[in-house]
Amino acid sequence: MPVNRVAVLGSLIAGLSLFFLPLVELKPNRLASGTPFYLLQLEGDLRYPVLFVLALVPLVLALRPPDAVRGTLLAGVGNALLFLTLYLPAVAGEALLLDAAAILGEGVRISNPRLLPSAALALGLFGSYTVLYAGVRDLAAAGVGRGARALAAWGGLALVLLAALAGRFDIYSILVEFDVRGQQLAQRTVEHVMFVAVALAIGLVLGVGLGLWAHRDRRVSPVILYLVGIIQTIPSLALFGVLLVPLARLGDQRAMAVAVVFALTLVAAAAALALFRWLAPRLRGAGRQVLLLAVALLTAVPVALLTVVLASYLFRVSFIAFTSPVATLAQLRTLMLVTLLAAVVLQVLARRQRPGVARSWLVRATWLASAGLVVALVSALVLASQLFLARVESVSTLTVRELGVSGIGPAPAVIALTLYSLLPLVRNTYAGLVNVDPAVIDAGRGMGMSAPQRFMQIELPLALPVIMAGVRNASVALVGIAAIATVIGAGGLGDFILGGIINTSIDQILLGALPAVLLAVFLDAVLRGGEGILVSPGIRASDEVAAS
Amino acid sequence: MIEFERVVKDFAGGVRAVDTLDLIVEKGEISVLIGPSGCGKTTSMRLVNRLIPLTSGRITVEGRDNREIAPEDLRRKIGYAIQQIGLFPHMTVGQNVAVVPRLLGWEETRVAKRVDALLELVGLDPDIHRDVYPRQLSGGQQQRVGVARALGADPPIMLMDEPFGAVDPITRAVLQDEFLQIQATIAKTVVFVTHDIDEAIKMGDRIAVMREGKLVQYDTPQDLLARPADEFVRAFVGADRELKRLGLVRVRDVMSAPGGEPPEPGEDAVPEHASVRDALSALVGRAFGETPVVDADGRVCGVITLEALRAALRREVEERAS
Ligand SMILES: Nc1ncnc2c1ncn2[C@@H]1O[C@H](COP(=O)(O)OP(=O)(O)O)[C@@H](O)[C@H]1O
Ligand SMILES: [Mg+2]
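Those sequence lines, one after another, are chains R and D. Counting in our numbering, the first sequence runs from 84 upward without gaps. Counting in our numbering, the second sequence runs from 408 upward without gaps.
None of these hints come from the bench; they were simulated from the model. Possibly wrong hints are sitting among the right ones.
Quick list of the computed label-pair ranges, beta carbon to beta carbon [unchecked claim]:
no.: 1; chain 1: R; residue 1: Thr411; chain 2: D; residue 2: Glu514; range: 26 to 34 Å
no.: 2; chain 1: D; residue 1: Gly512; chain 2: R; residue 2: Gly370; range: 20 to 28 Å
no.: 3; chain 1: D; residue 1: Glu412; chain 2: R; residue 2: Val288; range: 43 to 51 Å
no.: 4; chain 1: D; residue 1: Leu587; chain 2: R; residue 2: Arg434; range: 37 to 45 Å
no.: 5; chain 1: D; residue 1: Leu587; chain 2: R; residue 2: Gly613; range: 42 to 50 Å
no.: 6; chain 1: D; residue 1: Ser545; chain 2: R; residue 2: Ala351; range: 51 to 59 Å
no.: 7; chain 1: R; residue 1: Val343; chain 2: D; residue 2: Gly512; range: 26 to 34 Å
no.: 8; chain 1: D; residue 1: Ser545; chain 2: R; residue 2: Val517; range: 22 to 30 Å
no.: 9; chain 1: R; residue 1: Val288; chain 2: D; residue 2: Glu433; range: 50 to 58 Å
Partner residues are not named here, just some residues of chain D that face chain R (Cβ under 10 Å, in silico) [to be verified]:
no.: 10; residue: Glu479
no.: 11; residue: Pro496
no.: 12; residue: Val507
no.: 13; residue: Lys609
Chain D side only, calculated, beta carbon under 8 Å to chain R, not exhaustive [to be verified]:
no.: 14; residue: Phe495
no.: 15; residue: His497
no.: 16; residue: Met498
no.: 17; residue: Gly512
no.: 18; residue: Tyr540
no.: 19; residue: Leu544
C-beta: ideal position from N, C-alpha, C; glycine also.
Take the sequences, apply the hints, and build the full model.
Structure representation (structure tokens):
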């Protein structure tokens, strides 16, 4: 009879840590270190030992025959553990806080005492989730329906959220911190999201463009892949620093002058490229390498200029578009949200329909909603641009700084992030396109598709899963790197983390780190969802082809 | 009709893949290009719909120089099926078949009708197969979809490069028979590339044997087998070419009426539409005794004897001599 080893593991983790490790720490104020408390050391009723016993129950359940009953029991215990591991310490903590003076003794300065979750709480939660997971796996194996499984998987978490909303967990130090800095947190989170979104948007255009170019032209592909590979090796802290001076200088320049430089270098780069393509077959060894480098550098200048100005500008404008209290912008934001939801829902519905009239209408409605979304977004950006540029007097005196480029602050952050997004995007676009079966492209050609038709109808859809994987990689990495941007005064969630490190305040660090982690997980999930919608079931990695 | 006039194709690096090719593919006929690997069959075929530009010479399609027609337009009027099939994996079977009609801007209702008709034509049930994805099909079914897709917009001309090359021999035979049946009604002008001489004899109205880019012989299967132009063709068609010739004659045409008591149709009775080659095999099984011939309903409609065979072959030889 197969023992549920996952449940055993979860139970041991939860049980042992609740027994051997401190559950919470009582801190007299934000900075002082705390006094640890163990679960079984807590005074009062029997609830605390019961939690410990409950943690060990899965050891027995795991021995039952593997069926829906075992799954239900394990999921039930897992959910209960999850909730109680958070709830009971909060209850106990209130008593501890009331008695703080007595417990902590004389001579300790008590101001704003708080309860810091400790090791047993974290590992207890981890163990609970492991048990829960074991139960859900049993349910899946027993063929229990989706709805019941979802309830089993998320029930405990929903309970936790409800309790949190009801103020039951307010005592935990991170929520105390949240109470104090909630307003700031919202602002920093928006900044953080905006960093990632703008960098991704520009990175996507540049990266897919470069990947496409690399795929189309075998002679330049080494240049491009080499270049984006190099960027990735620069430590992010260094990249922020390196950008500081040139961006500050660039900011001083007149926009017109920069535009001229851009045009000239573009021409020079094109000429160098043509020269390289002509010379490449005739050269070998070192000569080729040198020429390659020259072409790479020359190409990099106009691309870099464009990226810098566009990224800085777009960040400022998006930030206005998504945070400004101007009424029209607020309405446009609502419109974006509504059309986005509508598009997703319609698309999911369309996917479920068998082909036919109903489906074609759903598809059309999806396009309409998507078009609405694009229009709303563009209008918001245009309106925000007007607000942003309202200060500008004339184009001739316009400096690049007025377009948002500066040595410190968000501009270098967004630019660095854009650069970091390039490698996964370029590489995956290139790999996705290279791996499209040549026979399929030949068939498309043979049937009379033009080059753009082949690209849109064959190459892009077939490369999409790989490209989307690159987007996911990039976005998750960017959420992390964006946290470092705080050192150049860019804002974002890194502010809390850096501040927390300076103040040795774990709560403050967590206040920045937790949303960042959630953001990364959320982005990953959203993009996976997008993949499910955009990628044809005919080429999805899993075998669950729409049962039609 | 497709006409090759002194067509030459040189690839970069000095490979002459097609060398002064003169060839006429008659309207409604299947012309098979055959020859050893690398002899230029695929290249010749791809010159027709301009997937490859030719170096010199001229190819006319339905009387027009193919360079006068924009490549996309040309290709949409020429069906294209290849060994690797190249179905679009992200499209359903129905969407695959609909590609060319949609490129041509047909109305959706017309496209839908055409898709179902084509799937039926190639022996697939539209209701079962229209909305599945290629990876859910067997190799043979995929080949069928490949043919249906090539027939998409009812092109007068078809280019088929080893279209049944990727399936097992039994499935291949079935697909060949089915295509011949379809061809009997749709009468397309077909360029059919293969390296399998048996397939060439079975499918071809005419067979073009190529060697190193040059056309060596262009004849009907009967003439090719009876009079190979040179040692190369003789070796290529194989030492059993006389047996292969028997494969081209139907039992129906050489059998005689059963004399007196019709024999019981035993295990080795031959169907009347079988080839004489199969009949010979049955004769060997009966130690050259009389072998019953049965019609489609399994009733005995004649007998075949060694004498009848001999007489048929003698007639052939005399016809050839005259
Ligand atoms: N794109 C190409 N570039 C260079 N040589 C080619 C190309 N395609 C085919 N060839 C050469 O042309 C010759 C004929 O090829 P092909 O028509 O594919 O032969 P077949 O189809 O008869 O096997 C071969 O020698 C092959 O190597
Ligand atoms: Mg070939």
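Status of each hint after checking the structure:
1. R:Thr411 - D:Glu514: 26 to 34 Å: Distance hint for threonine 411 of chain R, glutamate 514 of chain D is violated at roughly 42 Å.
2. D:Gly512 - R:Gly370: 20 to 28 Å: This hint is violated: roughly 52 Å between Cβ atoms.
3. D:Glu412 - R:Val288: 43 to 51 Å: For valine 288 of chain R against glutamate 412 of chain D, whose Cβ atoms are near 49 Å apart, the range 43 to 51 Å holds.
4. D:Leu587 - R:Arg434: 37 to 45 Å: 41 Å, holds
5. D:Leu587 - R:Gly613: 42 to 50 Å: 48 Å, holds
6. D:Ser545 - R:Ala351: 51 to 59 Å: 57 Å, holds
7. R:Val343 - D:Gly512: 26 to 34 Å: 46 Å, violated
8. D:Ser545 - R:Val517: 22 to 30 Å: Cβ of serine 545 of chain D to Cβ of valine 517 of chain R: about 29 Å, so the range 22 to 30 Å holds.
9. R:Val288 - D:Glu433: 50 to 58 Å: 53 Å, holds
10. Glu479: Cβ of glutamate 479 of chain D sits 5 Å from chain R, so the hint holds.
11. Pro496: 5 Å, holds
12. Val507: Holds. Min distance 5 Å.
13. Lys609: Result: violated, 24 Å to nearest chain R Cβ.
14. Phe495: It holds, given that the least Cβ distance between phenylalanine 495 of chain D and chain R is near 6 Å, below 8 Å.
15. His497: Cβ of histidine 497 of chain D sits 4 Å from chain R, so the hint holds.
16. Met498: The hint holds - methionine 498 of chain D has a Cβ within 8 Å of chain R, the shortest such distance being about 7 Å.
17. Gly512: Result: violated, 12 Å to nearest chain R Cβ.
18. Tyr540: 3 Å, holds
19. Leu544: With a minimum Cβ separation of about 11 Å from chain R (threshold 8 Å), the hint on leucine 544 of chain D is violated.
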